[in-house]
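Peer 1: Sequences and hints are given; from them, build the entire structure.
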Amino acid sequence: MLLRALDDVARVALPVACPGCDRPDVRWCPDCLAPLGAPLRRRELAAPRLDRLDGVPPLPVWAPAHYVGPVRGVVVAWKDRGRADLDRPLGSVARRAGAALGQVLGTRSGPPGPVLVVPAPTSAAARRTRGRDPVSVLARAVAAGLVASGTAARTAPLLVQRGPVRDQVGLGSRARGARLGAVRLAAGPVTGRRARAAVQDGIPCLLVDDVLTTGATLAACAAALVGAGTPVLGAFVLAATPAPSTRRRAPEGTG
Numbered sequence: 135m136l137l138r139a140l141d142d143v144a145r146v147a148l149p150v151a152c153p154g155c156d157r158p159d160v161r162w163c164p165d166c167l168a169p170l171g172a173p174l175r176r177r178e179l180a181a182p183r184l185d186r187l188d189g190v191p192p193l194p195v196w197a198p199a200h201y202v203g204p205v206r207g208v209v210v211a212w213k214d215r216g217r218a219d220l221d222r223p224l225g226s227v228a229r230r231a232g233a234a235l236g237q238v239l240g241t242r243s244g245p246p247g248p249v250l251v252v253p254a255p256t257s258a259a260a261r262r263t264r265g266r267d268p269v270s271v272l273a274r275a276v277a278a279g280l281v282a283s284g285t286a287a288r289t290a291p292l293l294v295q296r297g298p299v300r301d302q303v304g305l306g307s308r309a310r311g312a313r314l315g316a317v318r319l320a321a322g323p324v325t326g327r328r329a330r331a332a333v334q335d336g337i338p339c340l341l342v343d344d345v346l347t348t349g350a351t352l353a354a355c356a357a358a359l360v361g362a363g364t365p366v367l368g369a370f371v372l373a374a375t376p377a378p379s380t381r382r383r384a385p386e387g388t389g
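Read in our numbering, the sequence shown has 312 at position 178, and its numbers run on one by one without any break.
Among the clues, some could well be false.
Simulated restraints on C-beta separations [as the list claims (entries may be wrong)]:
#1 Arg327 to Asp185: 33 to 39 Å
#2 Asp335 to Arg261: 35 to 41 Å
#3 Val160 to Pro365: 39 to 45 Å
If you're looking for bench data, these hints aren't it; they were derived computationally from the structure.
No experiment lies behind these values; they were computed from the predicted model shown.
Just so it is clear, CB atoms sit at the ideal spot from N, CA and C, and this is done for glycine as well.
Peer 2: Encoded structure:
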């Protein structure tokens with residue numbers, strides 16, 4: 135009874151609403167989260183910055199949903215509006231994705247070997263503003279799903295942003311493209327040693343980010359890792375911006 139009373143008081147002092155539909159007194163609606171429970175699909179063909187000019191296919195990127203409607207509201211609230219309570223449902227989405235990707239990656243390359251789950255780096259300014267790093271929450275959940283699927287996986291924050299970089303919210307395609315050189319391997323006393331060890335061991339990586347828009351961030355991350363000699367298997371994101379045209383369709387399913 136006491137806990138219920140305290141919860142009622144908290145709701146009056148700090149009103150809560152579903153970020154997908156603004157329904158009051160509901161932290162999140164099952165209907166608003168439902169698109170994130172869909173099977174993973176390949177989304178990289180809708181991201182122009184992932185295009186390669188050397189005949190190599192773009193980096194595979196898997197996501198369950200498009201970044202539209204209620205899904206967009208949920209992700210924005212979780213990432214930029216202090217809704218850390220959404221860690222639980224979104225972490226569950228990422229864990230299921232990790233389990234599914236463990237099967238896909240194992241099928242492609244034989245028995246699944248060790249995989250490093252690498253979160254896309256967040257700027258120091260964004261971490262200070264948010265008081266946390268939401269993408270690392272996803273990375274840990276993806277790693278847990280991979281482990282559950284039988285893949286030896288662990289998170290590895292191997293990447294950092296090079297110098298002061300604006301957050302991408304509100305940036306257009308050209309400005310996002312300018313970020314391609316803004317990511318490098320970590321050089322700190324702890325993460326720097328981990329990055330060097332990963333490069334020396336040649337352990338393949340799976341990148342994790344929250345949203346795929348132009349693909350500039352994932353392209354920069356992949357370039358930094360591949361340039362250092364570390365293979366990149368692909369990436370997982372919660373949602374992807376739909377292509378402006380339906381003429382280029384991404385491959386169906388997780389394969």
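Peer 1: Check each numbered hint against the structure and report the violated ones by number, ascending.
Peer 2: Of the numbered hints, just 2 does not hold.
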